[in-house]
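A.B. asks: Residue numbers (our numbering), protein chains in the order written: chain A, 1 to 280; chain B, 1 to 521; chain C, 1 to 253; chain D, 1 to 334.
If you are wondering where the hints come from, they were derived from the structure by calculation, not from laboratory data. For every residue, glycine included, the Cβ atom is placed at its ideal position computed from N, Cα and C. Treat the hints with care, since some could be wrong.
[To be verified] Covered stretches of chain A (in silico footprint by chain D; criterion: 3 or more residues with CB under 8 Å from a CB of chain D, positions within the stretch not fixed):
id, segment
1, 120-127
2, 130-137
3, 213-224
4, 235-242
5, 248-259
6, 262-271
[Unchecked claim] Which chain B residues stay away from chain D? Per the calculated CB distances, all over 12 Å, these:
id, residue
7, P107
8, E128
9, R183
10, A298
11, A363
12, T461
13, I477
The lines below spell out each chain.
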Amino acid sequence: MNKSRHGYMVQIASNRLAQVGFALILFVAAIAFIGPLVSPHTHSEFVGTPYGLPTDGAPLGTDNLGRDVLSRVMHGGQDLVWMAFCATLLGLALGTAMGLSAAFFKGWTETVLMRVVELKLAFPSIVFALLFVTMLGPGKGLLTIVVGVSQAPSVARVMRGVAMDVVRQEYVQWARSVGMRAWRVLWAEVLPNTTSPLLVEFGLRMMWSISLLAGLSFLGYGIQPPAADWGLMVNENRNALSVQPFAVLAPIVLIALFSIGCNLFAEGVTRAIGRTGGTE
Amino acid sequence: MNDNANKGKTMTYAKNGTGPSRRRVLGGIGTFAMGTALGAGLSLPAFAQDANTLRVAANGSTSDSLDPHRTRAQITDIIRFTNLFDGLCDYAPDATVVNVLAESFTPNADATEWTVKIVSGVTTHAGEPFTAEDVVYSVKRMLDPDNPTRGASLISFIDAENVEALDDLTVVFRLKKPYGPFRDIWANRYLRMVPRGFDPETAVGTGPFRLTSFTPGRESEFARFDDYFRGPAKVEQLVVVNVADATASMNALRGGQVDMVYNVPISEARIIEADPALSLVNNPGSLSIPIYMRTDVAPFDDPRVREAIRLIANREQMVAIALSGYGEVGNDMQGRTIAPCGDTDVPQRTPNIERAIELLAEAGQSDLDVEIATTSGTSGMVECAQILSEQARAAGINIRANVMDEASYIANYGNWTFGVDFLSDTYLPVAARSLMPGGSSNNTHWHDEEFIDLFEQATATSDEAERCNLIQEMRRIEYERGGNIIWGFSNTLNATGAHVQGVETYVSGSPFYHLRLVSKA
Amino acid sequence: MSETVNLRDLRVETRNGLPIVEEIGFSIAPGKVLGLVGESGSGKSTIGKALLGYAAPGLRIASGSFNVEGTDLLALGGEARRRARGPVVAYVPQDASSALNPAIPILRQMTERLRTGQDRLLASDARQRVCETLERVGLPTDAGFLARYPGELSGGQLQRVGLTVSIVSYPRLLVLDEPTTALDVSTRASVLDLVAQLNRDLNMSSLYISHDLGVISAVADDVMVLYAGQVVETAPRDRFFEAPAHPYSRALL
Amino acid sequence: MSDQKRNLLRGSNRAGATLRMIARRLASSVLLLCIMSVLVFAATQALPGDIAQMVLGRDSTPEQVDRLRSALNLDAPVWRQYLIWVGNLLQGDFGVSFVSRQPVFDILQTRLSNTVVVVLLSFLISIPLSLVLGVYTAVNADRVSDRVILFFGIALNAMPEFVLALLLVLLLSVQVFHIFPGVALLSPGVSIWMQLPKIALPVLTLALLQASYFYRLVRATMIDVLASDYVEFARLKGMPRRNVLWRQAVPNALVPAVQAAGTIFAISFGGVVVIEYVFAFPGLGTALADAVGARDIKVVQAITLTIALIFFATNIVTDLITMALTPPGRGGVR
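Given only the sequences and the hints, what does the whole structure look like? Please build it.
C.D. replies: So this is what it looks like as structure tokens:
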């Protein structure tokens, strides 16, 4: 099975959609992480009048407080991308643990876990996040955890479906019959055979994390000023969309490119591994 | 679509098929769709605007109220109350006080008893005459100890038990202590008169419009009150629409869905001014956005630290950025204008970073690291905190802006060590609320004996010239020793379609919210 | 009245030009059964479907002619080719449980071909003809049975329904693509008997595809052996089983 | 004819199993709703800020706040408050909003029906659109048209709701064209059906988001179905192309489509929050955002539970439709 997994990786790497998606992700991540090092101004320095149009000093104009849009855009992705990434990993880890356990142990474990999943799904992510952020304040750590946790149930459902097939395989049954510990079977035999669907889920969950984080920022429940953050920038500057469009469009374009990249990547992986089922 | 709820299931059913009921389902959907299309066609004319209906959009919420004495003071409430009810007095556009329901005020010698004559011939929306008994009822209602009202603290000097109607048009007020600016206080928007037996459900008042329908958080409708004693309104119908989001309300104005918006983002002002289809109403209002420092706890109990922060603040930059220039630079004293009194003669405080660093060093606070609490209560509150935070870098100290939602901010209101607030009123009421011990907005916990003494004198005298002198002195103390950085006064921006006429700008109080004289071309 | 059907020089290849089967040719006289033998993957099904002018996605029929009653079926265009499927050449699927549409009651699946095209029958006539055929294949004809969905039938019943779908059009050539693989031994025997009987009664030509020589020996008049996409031997049944000429045939036996 | 008998037996078992399944789902939904009510109540209790303080505003005195707090029963123990609340809920009494002093039920009723209208209308657009696009792109898989549509689908699907909403406002309302109102200012006295143009943009935004997801699911399912033996057999039988596509293939793609549509329907009620906010649409979402901001916890509780109820109800209805559509012998019922 190692060989087939390797084969999948080659297929994924040669899939055009996955390539474009991955390139977009890299491009935006590069701006997010290298940007702060090379930006012409700091994210909070005043360089001109509010909503100034592009000049030599500020190629994308200035924002609602007269700060350099370009510098803020360069600073504003780091947290978002990093938080989305951590939230996604958290969601995947939690969801995979739940999904695999449900598929493996069955019985009560499965019933309880799947009820928990259903409970969470009945609680829309945005409502869930809104309540928790209001409750505990919009800290970066909390936002990450809330977004991660709200992703877990969907991952759990998918991974349970995937793992049910794997658990039925002979080598898993064999490992269980010779008395291998349950967690070792899960870790060593089941998990490695779910990498491809995990990759798909990674792309999709990354997309939803970005979307949710940006949406929360937009509603004013995300990262708080004076931090530079793409979602927050849209919120701060959208009043002036017709005066100084760059302050809104630049972060919007980067958010959109990043989530489109994630979605393309997921779609590409899905096609490469021949899973034709519905992708979100 | 945020969740991937049924993916597992979907996969399982992928090879299944369907039964015979499908055609019926699709047929049903088709019929429904046609009905919908038809409905869309029919509803188009509802779009057309009616010259006799004035539609205004403003900021409100589900806590919208019809009780002029109990309100969270959102703009929708203010508009409703201004047009449904009258006060004894009101502010003229230049912030001077004029009589409305009152005809005259006569104090006794020490200003502890005031006799008020009511205008005759005023009728309520229910057709009853408005009399002195209604005034007594309203005042007792405002001062009801069991059911507190917003304006109660403004007239706490009135002895509610001893307000008496001498005849149909004469009321006598006996006060607990002398109060000189008695007439002025009645211009306050929270002290409006209601008829006896007032029921907030029907909201019967004396104002130029009467209520026809009310949905909190959504919309309220009014019809012209033809018997209004100051002459009927220009338009037949008034509709106040709640729009919480500033961008959405501007979109509504541009799209002709409303004639007027009370919620204009400062950032849009320049575009509105340039747009021939719109006009900007730029009110030089009395709104101040003080940055307050608690004078009773560390680190701001040390006057040197307060002075340092005051020297760090670049007020001009704050007005230019946080208010986009739509405002006036402040000088750490309340009151954009204290008309009819003249200006207070103190130099404009300007940034002096070296001196600030020295003062901080003397106070042992060179590494000061504080949090400044703020919320988006009004345009400029969040921005000024951010700007101060940036300006503080130059002095080597760290001021962190803590932007909260309104409820969290209010939950600890009065206890924040360092924060931003907004206040809008004439000088003495603002001083009573924010500079006197026990004032509901005294966030600085300032307690200055000399100031208190001057305040008592100023409120007791009915001699205007003497009061002006006292106020000058009070402001000087505020400038020297106060706990506020009053960096600027914000204009209040509103916009109308170019076809709207008769809108007045204002300095203080409610003139802008009076829609009686507004008409559509 | 019926004539021999003739296939010449059939070549099916992938889109990249790699041959799946090539140089395939045979004739089948009326009432006769040609058995096509080969391992799985040798291209048997591809030949069977090519006779209906059909190539699976990714494949195409590169050359060949297939004459039935004076018409070259492979030269026909789309619509004419479609019309030939059924009344001229019919196909019996390998696994009727997957080839029958799970969402459609069996009656409709058996009548729908008769009710399309220029010579479409009335519903009652089509049903009449289906019932006749059902009696022939030994299935009930009551309304309750006909209203069933494929999921409600047993494997043997399904296979007979699959057979009915194809023979109800009285085709000139019947292509049977391993129609008994999915069946148990006793059902298989009865289906084989049925095929032999139908062939005689309806005077059709048949191509019987199988990898199972036992089955072939039971139904075929002639045997053709396919290896890696090419014909290695064609012979009458008795001769083939007594003295296979090609080493691969010998290996099969 | 043992086959027949077995099928009959299986049929009656199936009907019983269906009933049992429904009963089980109902029971589990009720249980989950109960747990949900506890969680929602706990969450709203934990919201920072004092309700009484919030209602009275900045200018209130501590005595006033205390008085209001006891008038609102806020000083009772939390468990008592919960039991009172649930008890009232069971009698259909959602309570009275602390903030607006209006019965919560009244607030909920208009807001819910508005949101339902928007979601239903968006459905009427997105479902047929997705079916047509999904079938078309499946038939033309990997051709240029498929790739172009796929690109737009992926891009739309990836865009956060508010981004798409703002772009549509710019395009169709404010900047480029002036076709639809950019704000959904519904008049409360008038039926929403008479004000449809006002909600065109929220409906369109939601419909595009739904379609961008749903069409790809239809496409994927159709590709599976088109590759199936029964579609191949239908073609080998000589059925006309159109018949093969619409009578043989599409019905078999409907079951997964219904499942996905159910999911989309249920989560639209959560996803619509941001869209409603952009358009100032008086629906459940804006009511919820307002109520969280104003600490109107009765309204928060009622709306959250309503959304959960819609989710569970949709799941059950979806399962029922699925069973009705699933052919007998495959788990469906006659």
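A.B. asks: Hint by hint, where does the structure go against what was stated? Just the numbers, ascending.
C.D. replies: When the structure is compared with the hints, none of them turns out to be violated.
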